[in-house]
Amino acid sequence: MSSSRTRAPWVIFDLDGTLVDSEPNYYEAGRRLLSRYGVQDYNWEKHTRFIGIGTRETLTVLRAEYGIEAPVEELLAGKNALYLELAGASTKVFPQMRLLVERLHEDGVVMAVASGSSRAAIGATLAVTGLDAYIRLYVSAEEVARGKPEPDVFLEAARRLGAEPADCVVLEDAVPGVEAAHAAGMRCIAVPFAEEIAGEAAFATAELLFPGGQDEFTAGAVLDRLRQGL
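Sequential numbering from 1 applies to the sequence shown in my numbering.
No wet-lab data here; the hints were simulated from the structure. If you're wondering where the values come from, they're calculated on a predicted model, not measured in any experiment. From the three backbone atoms N, C-alpha and C, an ideal C-beta is built for every residue, glycine too. Be a bit skeptical, because a hint or two may be false.
EDC-like, lysine to aspartate or glutamate: derived pairs with alpha carbons at most 20 Å apart [to be verified]: (1) Lys46 - Glu28; (2) Lys92 - Asp132; (3) Lys92 - Glu28.
Across the chosen pairs, the derived CB separations fall in these ranges [to be verified]: (4) Asn43 - Gly130: 29 to 35 Å; (5) Gly88 - Arg146: 25 to 31 Å; (6) Glu207 - Ser35: 39 to 45 Å; (7) Gly130 - Glu196: 29 to 35 Å.
Taking the hints into account, I'd like the entire structure generated from these sequences.
Below you can see the structure in the form of structure tokens.
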């Protein structure tokens, strides 16, 4: 795969819900954080509104909705600390995603992570899962002006990789990420985090879609398409 740049694009992964099954930890961190400020009705359904959205943007909305007086920076620090505690105890890599990362690494494909999570959370997650042995470059939405669905985090990842956006392929699980990838001028492989959202219009624009999400996703299918130029 490494003989030609057009046949071996740079690959940029979203982290949460794409590479790793971290949403349960993010939900629990958010639930615990909000309970400190008197919010007792935050549930999984409310959490799913923010899947694919950066942590800062999420907390800004929740702060306004629940009338929390604490500054966003305080909320952000609190949630990051809670998440790091949970992630360090248990974070699962989706098996086919791990296989894909290993195979891409063997083929000499350069990879990065571009995520709405904090830089500390990304680093800790990659370390605890062992993915840091294969993916050394990562960009947080904290480091750019705008989070997904704006393209900033993907464009910054491409810049640090030394790649043209058109030569990058993004793997994403959420609508804002798919929109951000295309806004950046990149191709996208979509693996919806839930089968019931696979019919969203944004997913239909993906160059490769796995409607069944992680249950349908296979590393082999992605490798074949990348070798064909996607």
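Structure-based check of each hint:
no.: 1; hint: Lys46 - Glu28; result: 12 Å, holds
no.: 2; hint: Lys92 - Asp132; result: 14 Å, holds
no.: 3; hint: Lys92 - Glu28; result: 15 Å, holds
no.: 4; hint: Asn43 - Gly130: 29 to 35 Å; result: 32 Å, holds
no.: 5; hint: Gly88 - Arg146: 25 to 31 Å; result: 29 Å, holds
no.: 6; hint: Glu207 - Ser35: 39 to 45 Å; result: 41 Å, holds
no.: 7; hint: Gly130 - Glu196: 29 to 35 Å; result: 31 Å, holds
Hint check: no violations occur; every hint is consistent with the structure.
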